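**Q** Residue numbers (the working numbering), protein chains in the order written: chain A, 1 to 252; chain B, 1 to 252; chain C, 1 to 270; chain D, 1 to 270.
Read the hints as simulated data drawn from the structure, not as lab findings.
Computed from a predicted structure; not experimentally measured.
The beta-carbon is built from N, C-alpha and C at its ideal position, and this holds for glycine as well.
Wrong hints could be hidden among the right ones.
[Said to hold, decoys possible] Ranges of calculated distance between the beta carbons of each label pair, as one might list FRET restraints:
1) D:246 / A:215: 53 to 59 Å
2) B:6 / C:252: 44 to 50 Å
3) B:214 / C:191: 57 to 63 Å
4) A:230 / C:191: 50 to 56 Å
5) C:45 / B:123: 19 to 25 Å
6) D:240 / A:48: 31 to 37 Å
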Amino acid sequence: MKDGLPWTQDEMMTVAAARLLWDGCVCFVGIGLPSAVANLARHLHAPHIVLIYESGTIGARPSVLPLSIGDGELAETATSVVSLPEIFTYWLQAGRVDVGFLGAAQIDRFANLNSTVIGAYDKPRTRLPGAGGAPEIAAHARQTFVILKQSARSFVPALDFCTSAGFSGGHGERARTTARGAGPQAVITDFGILKPMAGSDELQLTGRFENVTSQQAVQATGWPLQVASSLEIIAAPSADELRVLRDMHART
Amino acid sequence: MKDGLPWTQDEMMTVAAARLLWDGCVCFVGIGLPSAVANLARHLHAPHIVLIYESGTIGARPSVLPLSIGDGELAETATSVVSLPEIFTYWLQAGRVDVGFLGAAQIDRFANLNSTVIGAYDKPRTRLPGAGGAPEIAAHARQTFVILKQSARSFVPALDFCTSAGFSGGHGERARTTARGAGPQAVITDFGILKPMAGSDELQLTGRFENVTSQQAVQATGWPLQVASSLEIIAAPSADELRVLRDMHART
Amino acid sequence: MGALLSLSDAVQRHVHDGQRIALEGFTHLIPFAAAHEIIRQQRRHLHLIRMTPDLIYDQMIGMGCADALTFSWGGNPGVGSLYRLRDAIENGWPQPLSISEHTHAGMAAAYTAGASGLPFGVLRGYINNDLTGVNPDIKSVRCPYTGEQLATVPALNPDVSIIHAQQADRAGNVLLRGIIGAQKEAALAAKCLIVTVEEVVDTLDAHMNSVVLPHWVVGAVACVPRGAYPSYAQGYYARDNGFYQDWDAIGKDRTRFTDWMRQKVLRVAA
Amino acid sequence: MGALLSLSDAVQRHVHDGQRIALEGFTHLIPFAAAHEIIRQQRRHLHLIRMTPDLIYDQMIGMGCADALTFSWGGNPGVGSLYRLRDAIENGWPQPLSISEHTHAGMAAAYTAGASGLPFGVLRGYINNDLTGVNPDIKSVRCPYTGEQLATVPALNPDVSIIHAQQADRAGNVLLRGIIGAQKEAALAAKCLIVTVEEVVDTLDAHMNSVVLPHWVVGAVACVPRGAYPSYAQGYYARDNGFYQDWDAIGKDRTRFTDWMRQKVLRVAA
Numbered sequence: 001m002k003d004g005l006p007w008t009q010d011e012m013m014t015v016a017a018a019r020l021l022w023d024g025c026v027c028f029v030g031i032g033l034p035s036a037v038a039n040l041a042r043h044l045h046a047p048h049i050v051l052i053y054e055s056g057t058i059g060a061r062p063s064v065l066p067l068s069i070g071d072g073e074l075a076e077t078a079t080s081v082v083s084l085p086e087i088f089t090y091w092l093q094a095g096r097v098d099v100g101f102l103g104a105a106q107i108d109r110f111a112n113l114n115s116t117v118i119g120a121y122d123k124p125r126t127r128l129p130g131a132g133g134a135p136e137i138a139a140h141a142r143q144t145f146v147i148l149k150q151s152a153r154s155f156v157p158a159l160d161f162c163t164s165a166g167f168s169g170g171h172g173e174r175a176r177t178t179a180r181g182a183g184p185q186a187v188i189t190d191f192g193i194l195k196p197m198a199g200s201d202e203l204q205l206t207g208r209f210e211n212v213t214s215q216q217a218v219q220a221t222g223w224p225l226q227v228a229s230s231l232e233i234i235a236a237p238s239a240d241e242l243r244v245l246r247d248m249h250a251r252t
Numbered sequence: 001m002k003d004g005l006p007w008t009q010d011e012m013m014t015v016a017a018a019r020l021l022w023d024g025c026v027c028f029v030g031i032g033l034p035s036a037v038a039n040l041a042r043h044l045h046a047p048h049i050v051l052i053y054e055s056g057t058i059g060a061r062p063s064v065l066p067l068s069i070g071d072g073e074l075a076e077t078a079t080s081v082v083s084l085p086e087i088f089t090y091w092l093q094a095g096r097v098d099v100g101f102l103g104a105a106q107i108d109r110f111a112n113l114n115s116t117v118i119g120a121y122d123k124p125r126t127r128l129p130g131a132g133g134a135p136e137i138a139a140h141a142r143q144t145f146v147i148l149k150q151s152a153r154s155f156v157p158a159l160d161f162c163t164s165a166g167f168s169g170g171h172g173e174r175a176r177t178t179a180r181g182a183g184p185q186a187v188i189t190d191f192g193i194l195k196p197m198a199g200s201d202e203l204q205l206t207g208r209f210e211n212v213t214s215q216q217a218v219q220a221t222g223w224p225l226q227v228a229s230s231l232e233i234i235a236a237p238s239a240d241e242l243r244v245l246r247d248m249h250a251r252t
Numbered sequence: 001m002g003a004l005l006s007l008s009d010a011v012q013r014h015v016h017d018g019q020r021i022a023l024e025g026f027t028h029l030i031p032f033a034a035a036h037e038i039i040r041q042q043r044r045h046l047h048l049i050r051m052t053p054d055l056i057y058d059q060m061i062g063m064g065c066a067d068a069l070t071f072s073w074g075g076n077p078g079v080g081s082l083y084r085l086r087d088a089i090e091n092g093w094p095q096p097l098s099i100s101e102h103t104h105a106g107m108a109a110a111y112t113a114g115a116s117g118l119p120f121g122v123l124r125g126y127i128n129n130d131l132t133g134v135n136p137d138i139k140s141v142r143c144p145y146t147g148e149q150l151a152t153v154p155a156l157n158p159d160v161s162i163i164h165a166q167q168a169d170r171a172g173n174v175l176l177r178g179i180i181g182a183q184k185e186a187a188l189a190a191k192c193l194i195v196t197v198e199e200v201v202d203t204l205d206a207h208m209n210s211v212v213l214p215h216w217v218v219g220a221v222a223c224v225p226r227g228a229y230p231s232y233a234q235g236y237y238a239r240d241n242g243f244y245q246d247w248d249a250i251g252k253d254r255t256r257f258t259d260w261m262r263q264k265v266l267r268v269a270a
Numbered sequence: 001m002g003a004l005l006s007l008s009d010a011v012q013r014h015v016h017d018g019q020r021i022a023l024e025g026f027t028h029l030i031p032f033a034a035a036h037e038i039i040r041q042q043r044r045h046l047h048l049i050r051m052t053p054d055l056i057y058d059q060m061i062g063m064g065c066a067d068a069l070t071f072s073w074g075g076n077p078g079v080g081s082l083y084r085l086r087d088a089i090e091n092g093w094p095q096p097l098s099i100s101e102h103t104h105a106g107m108a109a110a111y112t113a114g115a116s117g118l119p120f121g122v123l124r125g126y127i128n129n130d131l132t133g134v135n136p137d138i139k140s141v142r143c144p145y146t147g148e149q150l151a152t153v154p155a156l157n158p159d160v161s162i163i164h165a166q167q168a169d170r171a172g173n174v175l176l177r178g179i180i181g182a183q184k185e186a187a188l189a190a191k192c193l194i195v196t197v198e199e200v201v202d203t204l205d206a207h208m209n210s211v212v213l214p215h216w217v218v219g220a221v222a223c224v225p226r227g228a229y230p231s232y233a234q235g236y237y238a239r240d241n242g243f244y245q246d247w248d249a250i251g252k253d254r255t256r257f258t259d260w261m262r263q264k265v266l267r268v269a270a
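Looking at chain A on its own, in the form it has when it is part of the complex (with noise of 0.2 Å):
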């Protein structure tokens, strides 16, 4: 735990996305931190959430955090479990996704994101996983919410590959194209809370948990970034949503 206080950042930042989640959204989840924020929401606030996961489970409700997106408990637990073409057709494509999770390794200040290498594509300094869903996602979705811890190697002045655009090179150039979703609104990091400014598109820093400032938040990003100027203070975790966070992993 940071700073000794009782709760770590990384529950604070799957907190503060699950609080984003509303009751009977359609949530496309991948492993690891979104599918902990969606499933926490399931268990709080939002019990009608509907998680709909890459392998083709659509409802899915699994009782503890499935280790790889194709888990058995996913299946068996599924309003109903179609083909992983058809997830990509007539589920993502067709727009029928609220929100859309997306991590990465780098970002950049108008969301866009490379899971794809660092360095250069053919010598790559650190070869990632790759696209996978990803960049249909992030089109497609209605809204996306990006989760990443911020850092300066992470939060960069240029992404070394676009993997998934967000709002490409800003100013509307994402309306312009044929992406059905309104793209990234929202990335959640261990300082807080960022979302697009209205015109630019640039991400600027719009609300901070309580036991870091603005300044930190800042310094952890490698571009110059605008903090809104009514900076909303995001509560600490409350004990309920730290203790069914800690429930549901002290089940997995």
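Following the hints, complete the assembly by docking chains B, C and D onto the known chain A.
**A** Structure of chains B, C and D alone, referenced to chain A:
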């Protein structure tokens, strides 16, 4: 029964067509004569024939002849029931069908078929049911068999409408299209069997039933029908063939 | 989403004059009860969409609900003609009917594109086929790899699709069993989906890979036992093949048709 | 078709050096046993195709079976990196690996086109995405109706696809249950299909709308209980999540990897 013979020309057609099917062949069948033919073959010499109905049933083994191509017994006895879009993509268009059966209201000398209208399309004298699955069966089955009673009204010099291409203008025109299958390899009528001639692709009478003359077949054709120099005489239905066919109809 | 309504309310609320609507079901699970309710509520100027118009659209067309029809095979399966459809096309009775005619493979591709959020579907089809001359919707694209020319159809996205299914649960999830035709595609291609079901149950009789439409894509569910009759519902009742044969005589004659509709449809409450 | 063979005979007969092969299974039903047999039979110069290379291709790549890889997500799910894959790409060990990289949606469209007998698949994808700059296979077509530019991918048609399934019956019909990924598409896109199964039964535990591949599209069936381990087979055994975590340390080190493969794969009879 025609001419006082112990079997009808309908029965002769059905039996003659069934003899063309081999054990294990994958057969795309419609309702009516094609379904009777394929099921007769299954009960006679081709127990492992695979019947695909466009309703989505693969490997159906109905005990009675279905009235519609979507009867419940087809689903109950099938190896697999899939969606109709899948039938036309993964199964037919992919080239997995050995034999497609087609009927029509009109056929021309290159085995092109009309099942759409008699008269002008915009002001039809008779509006027929239309294309259904036929045009793509005609294109993608490895070969097609056409079953159609012969008369000057149905065997015409020029179609009112081309619903399903056979050999189009003949002389190799089909082979120059993107149609995958070899096209109509046999037309079974109530007089005998017509097959395309190498080179011209024009239909030729290659076999006649033993109770008709080739002259009768020529007279029942709206174009100057070629007759093969070595005309096969097609044997009358055997007692066994007739018994199985009549049992099948009696059960239905 | 997925509100449980009476059929009458569902049609009242969601089906409006002039819409493009698809009542799908390939031989099996044809939503006859819903069609009859639309006829009773006298919807007009509909653009009907359906692979096989079948008796269900023969009735709607004969009762004057439709201005236009998109279809791919318009017969009485295993029996013969649809005389009301023919009368509309051949003689403009009770009113002219404009048609947009496809092949099954083309309609299937168009529904699939509609369900997939794509503007068009691609198929190797309509080869040397006169339909391309009478239906301007059939176009082509060139494969960027092989140079091959392939046929295209515009996506079908009905304003309303109506299907019949075996079961809904109380949340509004819907289970289809048996021959499913292009219903899933028609359902997901629509702006609004209405489902009639044989029964509403606590728990669907589904297994892991069953065909289930989740409640949040369903606009309204109406419980209508025998709602597919004279078509059938696998596990509930069989197709009334006799009625399909009887329809030949009923549908052939304008007066007999009108009398039948008056007695068997108009005078029946939903 | 659908001959019941030993796994060793099936690989011997159907898998050859230099082929394009796909061993599919999305998290579930990954055909590990078949991969191990290919490693034992020392196939070389394969072009491996798989959405998620997973441990199965990490092992094949590390053992020198592959010259090329077509894929869309190359990590150890929920754990981290595939170090053998990375070592091949970053350092050319044990040999260089050329890659053709896609998104999941692109791979799915490519398999679907392959299964459908179409030369290409269409999707609204790869939008403002650098993959289009490094993968010349990603092209576009213009919608003939709306003018919209859409991405295309060339059809994937592997020489051989290998999948694992729960059951085959004695005729060679194959049943898959649970999460089915893109296996049906990969299976039907292939020139030759090999299936390993948990058990061969008299009658498949199937219902009407189960995912069943008929015997006449199956080139060979091999009965290999636990053939998906450390992946899983719904209804038979669970995923060994612990092994996926252990693999992180095994796969990270060339020597430890080679030792592990020698002991656990090479010295084991099929």
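**Q** A separate judgement is required for each hint: does it hold in the structure or not?
**A** Now the hints, each set against the structure:
Taken as a hint, the range 53 to 59 Å is violated for the pair residue 246 of chain D and residue 215 of chain A, whose Cβ atoms sit roughly 42 Å apart. Between residue 6 of chain B and residue 252 of chain C the Cβ separation comes to about 35 Å, which falls outside the hinted range of 44 to 50 Å. Against the hinted window of 57 to 63 Å, the Cβ-Cβ separation of residue 214 of chain B and residue 191 of chain C comes to about 60 Å, which satisfies the hint. Against the hinted window of 50 to 56 Å, the Cβ-Cβ separation of residue 230 of chain A and residue 191 of chain C comes to about 39 Å, which falls outside the hint.
A hinted range of 19 to 25 Å holds for the C-beta pair residue 45 of chain C and residue 123 of chain B, which are about 23 Å apart. One distance hint, 31 to 37 Å for the beta-carbon pair residue 240 of chain D and residue 48 of chain A, holds here, with the actual separation near 33 Å.
Hint violations for this structure: numbers 1, 2 and 4, all remaining hints satisfied.
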